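A.B. asks: So the sequences go chain by chain: F and H. Just so it is clear: in the first sequence, position 338 is 338 by my numbering, and no numbers are missing. Just so it is clear: in the second sequence, position 135 is 1135 by my numbering, and no numbers are missing.
For the record, the hints were derived by calculation from the structure and aren't laboratory data. Just so it is clear, the structure is predicted and the values come from calculations on it, not from any experiment.
In silico negatives: residues of chain F with every beta carbon more than 12 angstroms from chain H: (1) T15; (2) G18; (3) P60; (4) S122; (5) S172; (6) Y179; (7) A200.
Which stretches of chain H does chain F cover? Using the computed rule of at least three CB atoms under 8 angstroms from a CB of chain F, they are: (8) 1041-1055; (9) 1064-1074; (10) 1092-1106.
Even glycine gets a Cβ: it sits at the ideal position worked out from N, Cα and C.
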Amino acid sequence: MPAAARRGELSFALTLGGVAAVLVAAVCVAFSTGAYPVTPGELAGLLWAKLGLGGAAVAPAVETVIWDIRGPRVLTAMLVGAGLAASGAAYQGLFRNPLVSPDILGVSSGAALGAVLGIFASLPVLAIQGMAFAGGLLAVGVVLAVASAIRGRDPVLVLVLGGVVIGALLGSGVALLKYLADPYNQLPAITFWLLGSLSAVNRDDLAALVPPVAVALVPLVLLRWRLDVMTLGDEEATALGVPVRVVRVVVIAAATLMTAAAVSVSGIVGWVGLLVPHLARLMVGPAFVRLLPTAVLLGAAYLLAVDTLARSLGPVELPLGVLTAVIGTPVFLWLLAFGKRGWS
Amino acid sequence: MSARLSVEDLAFGYGERVVGAGVGFTVAAGEVLCLLGPNGGGKTTLFKTLLGLLPPRGGRVRVDGEDTAGWPPRRRALAFGYVPQAGAGQFPFTVREMVLMGRTAHRGAFSAPSVADHAAAEAALERLGIGHLAERDWLRISGGERQMALIARALAQAPRVLVLDEPTASLDFGNQVRVLEQVRRLADGEGGEGLTVVFSTHHPEQAFAIADRVALLHGGRLARFGTPEEVITAAMMREVYGTEVEVVAVGADGMRVCLPVGLRRRMG
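Just need the whole structure built from these sequences, with the hints factored in.
C.D. replies: In structure tokens, the structure reads:
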């Protein structure tokens, strides 16, 4: 490897280390924020003890806060943020557009309709999450099927437009259910879900979230070099030896699985999947081998910080989706004005 | 000399629409074939069919005698290197990263570039004289530099046939000459066996300057195939382009050029 490339590796390692440090800081702040603050020392002590390495005993109340209340929420926030950022990074490369977010193919609209249907039918929470997950997968499945039925046109364009129209259709379904829903019970629950929140997550949610995110991350990591080539468009990628159809379907499946799992736990949280990969690209460049880990860590840190703000800013919890938008819009405008590197 | 690339009775088109048919020619290793023809004559469609980006409507394409029908993209990429008219890259990769992508077909779907891949990319950059651009942002180099980098990428691919779609389009005069020199050099090889090069252009002088063979594509048919001197004649240019030209030899080495007859007079 030439010297210049080695210098690049070093500066990437430093950047990634910096992002990891920010994540650790966000974790410490998240644990020490709330009705029962936990110090980093207590957190480290408990982890040490759980790993069987001895250490000072931790008060049972602290253990409950860490293990049953704040811990699952912190880890869920990190996983949701990481998953949304990773799928956003993959989609931006795949659709050759730095402004694409993971819900471009309708995964969020499908998940929303599934969840809203579940709430409308007064199903238990677990079933609502299951319907959100299934709705997200189903919506993208329909878009893929439509796109593969339409031949002879630019496949990426067909996919994106298909996603937009199917998403709009699903959105009108959500609107209809809101109109029909019981305004005292169901409508607030629907609104709450659509705005996104982690206030109700527990260990079961976390356990349900880990497998799909982990499984979906595998093909993205494995295909990291092929994803770079996919950003050149179908013709160039094919001429360079990439089976573009196969790669595209695998990446869409992985990103959809990840996003559907995240959204079914958190509700609709916009902006993370669009903004975080973009910021990560500004920091480490477009090569997926560096972009993916950076986006994952940055997404985890970002959503954890936003969730900590959401539960500490006011007397009641603020919806996550509102906060990500309020923070996302100025950052996005700043990028638009000064962050030329990602566009052209 | 046996044919490196042979095209037999090829028919090509988009979907149901057949753009051209009955095209056949052969090119040997180390030879440069120039594809000439008016706009809409089917040059780009023919290229895409050669590269396997479009399925042939009939006939076959052989490389070293082997029929390329049904080849997966990776096998094709080891035979054909493609230099598109304008690289479609939208993201700020460095020139080195972009050239390294030329090695995609040489490794497994999940593998990182090997030491050999890095070395091939470096060698391609050096051979095209753009080593100094390696760390530059792909989106911030000039059109001429980008064309050189795309050729370097195709070279890193180590193909047997190099296909360039109007490599000098939208380049300034100096860059046009530099690109053509490089193309000829790649066909001549450096000690070893040269590449077979197929390129398209709108300038007949370029065929006289560097091509061994010229294929003149008109209305989806191969109007003429042969040496530049055989193919590019006043009669042929009138027939295909509908314009009066004079083919004259100029300069110390007597290179031929096409001059439009009476253009000045007609313009008043």
